[in-house]
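Spelled out from the first residue to the last, the chains are:
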Amino acid sequence: MAFARIELKNIRHTWRDGSGESGLSVPAMAFESGRHVLLTGPTGSGKTTLLHLLGGLVRPQSGEILADGVAVSRWTAAHRDRWRQRVGILFQHMELIDGLNADQNVMAPLVPRPGSVRDKIVAVAEALAKVGAETLAHRQVRALSGGERQLVALARAIVGHPDLLLLDEPTSHQDDDHVRLILDRVNEANDRGAIVITASHDPRLTGAVGIDATHVLGGGRVGEP
Amino acid sequence: MNSGAWWSLMLWAAHDLGRRPGSALLTGGVIALVVTFLATTLLLIEAWTATTTSLIEAGPSLVVRRVTPTGWAPMPLDASLESARSVTGVTAVEPRIWGLASSVDGPLTVVGVTPPLMTELEVLGYSAPGKGEALVGSGVPISSLDMSITLVGVADVTLQVSGVLPSDVALAAHDLVFLNEIDARLVLGLSAHEASDLAVSVYHEAEGTAVRPDLNAAFRFPVNITDRRDAIGAVVGTLTRDGGLATMLLVPALLAMALLVANAWRDVGGSRRDIGLFKTFGWSTGDLVRVQLIQSLAVAVPATMTGLAIAWMLVFRPGVTWPGALLLGWRTPPPPLTLTTDGAALVVATVVGLVIGPWLLATLVPAIRSALADPDDLVRGGR
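Chains A and E, in that order, give the protein sequences.
The first sequence maps to residues 13 to 237 in the numbering used here.
The second sequence maps to residues 2 to 384 in the numbering used here.
What the hints contain is simulated information worked out from the structure, not anything from laboratory work.
Please read these numbers as outputs of a predicted model, since none were measured by experiment.
Built from N, CA and C at the ideal position, the CB exists for glycine as well.
Between beta-carbon pairs, the in silico distance windows are:
id	chain 1	residue 1	chain 2	residue 2	range
1	E	Val290	A	His213	37 to 43 Å
2	E	Gly23	A	Pro126	33 to 39 Å
3	E	Val252	A	Gly111	33 to 39 Å
4	E	Met306	A	Gly46	52 to 58 Å
5	E	Val252	A	Thr147	55 to 61 Å
6	E	Leu12	A	Glu44	36 to 42 Å
7	E	Val290	A	Ala83	23 to 29 Å
Now the stretches of chain A that chain E is said to cover, found in silico as 3 or more residues with beta-carbon under 8 Å:
id	segment
8	88-94
9	101-107
10	112-121
11	126-138
On the chain A side, residues computed to face chain E include the following (Cβ under 8 Å):
id	residue
12	His64
13	Gly67
14	Leu69
15	Val70
16	Gln97
Work out the full structure: start from the sequences and follow the hints.
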């Protein structure tokens, strides 16, 4: 069952990057089931970090993340592993596994999950087809263009039908047609009840069909525009 | 975890291993070589000790030989039997007829078949050699033309070979030539009133040591007395010396294993980004460890089995003779021995533990350590 509501409360998180220490402060924010939220803001404002916090890739240094009222940010490592099974994430740098074909990359999230190998192979083919990348299935990912790699990474994010879909700059290498295709896939996920959170600089997404809300990050704080 | 997930993990592990077939094969080959070397050395030492010890334990409690300033000398039969039987604790005394003779291919041990020995040969399915006949060990060269053998001793005799003992008694009988007692006395220059030595039996092992002084004093001439402990000590002493050489040869094998383990540790530790990525997909620490375990075992188990099979064949298959020469420094070509497999299971378990244990540690510990870290650190750190 999809999440009804994911909330962030008093989140404070700092990290070091090339330009020194950066920080993110989120006093309160909520994401509802079936909604698509766009996070914008300048580079270093914490968009990626916020997605990683929501995806359970890192624990917040203070504050809480609640899913349907349960503080998932306090969970143990084993519980957080299970949390991540409900999350699909498209990384800003794609993070495909070189040395594997596109379909093998898309298969990766499904491997430890229940279900037959045959069903998983079908699911992978469907996910690639949904993003228009079925012809790339048997190609080595290191030989793909930036746009193709991004489509494969998107297929990998949606293949497990996640309840929380996190997309970090999903359209940065795409033409307008593919931007529409990506938004269509996101809308399908929303229709299932999934929460979709997209972090992007891309002006084509601002006000696009299906975006329900936009949060602007900047100056280390985030709030409703 | 359900069977679908298990199968998926197995297939994934196999496929992932297939991404680096050269590396997997090379690693497996090195493990197989190390296991072969380690197991051959340890099995050979263990099997040779066990076989020799069991042979010695089947022999007499004590052996008494007459010594003179110039070396061994025949024992006067009746007087020697009387002296030995006079010692309290001695339960039986058997005179033995044996000694060295020459053949065209070198020295051989000639044994005269006395009644107790005759019984033992019959148990093996051989009849005692008649006059002019010889029953020979598997290492004795015989003329293929007329199945004869010529022995040069005090007297030269040519004998017809009536049978060849099987290779599974080669450790005891490799260079032995069993002759009729009369022929043996002729070759060795022993009269009917002399014996080469006496086999003395006592009630139990500890008595052997206790009766030695009395036995020594009972003879009117100097004698040398050896018991089983002396004989086993001689074997162990030889193995300690030769095993030292083998141990030195083991050093490069263990060094190779250590390098392999260090390399595996580095390799698995180096794949932190991939481990982080799998964590972001929802793989649990258990899933990652299972895949790593499958891959580690897929390389190490066949390699170890191969190494053990080769080692087993080299040590226990009759006819393979060079491991003893190479590993234990035997100077002459050793006979094609058939060694006992008693105690081999422990050696095999030791070798498996020595190889598989560190290998699994080297591959699993870095994987577990990485899998316990935050995926964000692993992905960002590995980029």
